[in-house]
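Chain by chain, the residues:
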Amino acid sequence: MKVSMSVNGKAVSAEIEARTLLVTYIREHLRLTGTHVGCDTSQCGACTIHLNGRAVKSCNLLALQAEGADIVTIEGLAKADGTLHPMQEAFREHHGLQCGFCTPGMVMSAVDLLKNHPHPSEETIRAELDGNLCRCTGYHNIVKAIQAAAAKA
Amino acid sequence: MYAFNYRRASSVAEAAAALSGDDGAKLLAGGQSLIAAMKLRLAAPSDLIDLSGIEELRGIRRERDGITIGAMTRHAEVAASAEVQAAIPALASLAGSIGDRMVRNMGTLGGSLAHNDPVADYPAAVLGLNATVNTDRRKIAADAFFKGMYETALEAGEIIVSVSFPAPRRAAYVKFRNPASRYAIVGVMAAETGSGVRVAVTGAASSVFRVAEMERALAANWSPDAVAGISVPAGNLNSDMHASAEYRAHLITVMARRAVEAAT
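Each protein sequence line maps, in turn, to chains A and B. So the first sequence is numbered by my numbering: it starts at 1 and just counts up by one. So the second sequence is numbered by my numbering: it starts at 1 and just counts up by one.
Chain A extracted, bound-state conformation:
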């Protein structure tokens, strides 16, 4: 079936099988491999992207469900000249990652979090990160990074 959408501001379309997951389309058809597949059971959040401005788990969505949608992946956050998005910068500054596997999903989720809670408490950040698992950092520096990004925004 034909699917068309906008990914990071660029119109894309392809002939795909109906059962193609959105994350498979993003990674294997568009070759945007910044979006990760962690658990593949919609628990870990490594595959988080933005669909029409809302954070969703792209491993639990058919590509066809994103027909006509505006998709932003981790590759779409930094400016064309390589300047990092403030959230990416905050993660770097505060060492909000170790192995980095969960990071694309964490950052996409954190950007969405600040949209809904511009001045989140630490408790809110921790609660809202429910759908993102990190097995390295114990979350402390991730929370610090999000607090710092919120303070600068």
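Treat the hints with care, since some could be wrong.
With a straight-line Cα cutoff of 30 Å, these simulated DSBU-like cross-link-like pairs (lysine-lysine) come out [unchecked claim]:
hint, chain 1, residue 1, chain 2, residue 2
1, A, Lys-2, B, Lys-26
2, A, Lys-79, A, Lys-10
3, B, Lys-39, A, Lys-10
4, B, Lys-39, B, Lys-26
FYI, nobody ran anything at the bench for these hints, they're computed from the structure.
Got chain A sorted already, so can you dock chain B onto it with the hints?
Okay, now just chain B, sitting in the frame of chain A:
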């Protein structure tokens, strides 16, 4: 995931027509349970009919005596709705506690109810608040809707259009979450409604159920102490690696007490 045919319906009538000729066809709402089940090959529909483009299934309407919510309204929209927060704060807070933020951005009210997962939150709201499920054929009272594990009163090809929640005098939903999966091990909606006190329990058994003894006690005396001494027999409750039936029975009393305490 096994292959299937996909089509997008633009109206409820079109979706109903697409369903009627095909036993293997399933409706796709937000897909947060169905896609996961298909990936595990626990479900293998021949056809998926996507409801996401049907405008008439969306939206939140304030009614004279409550709120009507379209079946394809996402959990995040219910949680953030000023109208739901004002009329039925317990419902907004329940919707905001489902899964995680990304799941709430896709998952829908109708999808959750049609699936009737034993650990889902929305069934406790529908049963506890005495809501009415409006389909393309009829209105189904909450007490007649939930039939058992993953089983509802919906007939083959019947589509949930919206759910009408009467505003309660006071209500609260409290759950004890599995620390890993975050699903409710036990969730309790306690409500004083226009049609009496209702206590609905999810997560504990094969399907959501009411606790008549707690309802009678609360009708006589709406206070946490009124339910503190009432326990549900463990015999019919779920027992698994996360919690024994006896522990779930204990949690029902604790969650009910907390829900009554929190009810506003």
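Results for each hint:
1. Lys-2(A) <-> Lys-26(B): holds, 21 Å
2. Lys-79(A) <-> Lys-10(A): holds, 14 Å
3. Lys-39(B) <-> Lys-10(A): Measuring from Cα to Cα gives roughly 29 Å; hence the hint holds.
4. Lys-39(B) <-> Lys-26(B): holds, 15 Å
Hint compliance for this structure: every hint is met.
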